[in-house]
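Student: First residue of the sequence shown: 1, per my numbering; consecutive thereafter.
Don't read these hints as lab results, they were simulated from the structure.
These numbers were taken from a predicted model, which means no experiment stands behind them.
Take the hints with a grain of salt, since some may be wrong.
[To be verified] Once the Cα atoms are required to be at most 25 angstroms apart in a straight line, the calculated SDA-like pairs of lysine to any residue come out as:
#1 K74 - A107
#2 K74 - T37
#3 K74 - V202
#4 K74 - R35
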Amino acid sequence: MTRVLFVLGAGGHGRVVADAAIEAGWSVRGFLDARPTRAELLGLPVHPLASEDVAEFIRARDASVVVAVGDNRKRQELQRALADGGVPIATVVHPSSVVARSARLGAGAMVLASSVVGVDASIGAGCIINTGVRVDHDGVIGEYAHLSPGVSLGGEVTVGEGTHLGVGVSVRNRVSIGSWSMVGVGAAVVKDLPASVKALGVPARVVGPWGGP
């Protein structure tokens, strides 16, 4: 059976997700974007479409959608609205990734090339597990979090809802990071971090509040 998919978001992340979906066997029919800058990407059409019109568009084509928007809050807003409207939300897993049989992936999760999701790990809805990420055993990644390329988590790490870990962040085993926080590029997190903070450095230290995307 052909699995038809549209990618919501025509930026760089959208192209990466579309490529992963194609490699995973989805029939990707195009991109959807409210303000597209190009008419075609990866040889696929880009449909200019306001967010409030996406659900009807997808349902009319008996398709699924993946919300490939980098902004965590916007991705949460869009995916929840589509799910509430009964639109099928796709989970995309690049075939070069390794996902343990006991791991759990929420609707709309994106597990990209060369990533590893370990035994009994849990990846929440709408999460981005970007290129080359390592989530070790029993990790819990909250909904709509984004683990940027090269992030490496020890075992039993918890990352809260909507939190963004920058490129190359490392997190010691059994550490917890609160919701809607941001850890900057290359940081090493060796102790728990609270919610809604920005942390930088080696070792990572809180430098202020975080209210950004």
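Student: State for each hint whether it applies.
Tutor: Hint check results:
| no. | hint | verdict |
| --- | --- | --- |
| 1 | K74 - A107 | holds, 16 angstroms |
| 2 | K74 - T37 | holds, 19 angstroms |
| 3 | K74 - V202 | violated, 30 angstroms |
| 4 | K74 - R35 | holds, 15 angstroms |
Of the numbered hints listed earlier, the single one contradicted by the structure is hint 3.
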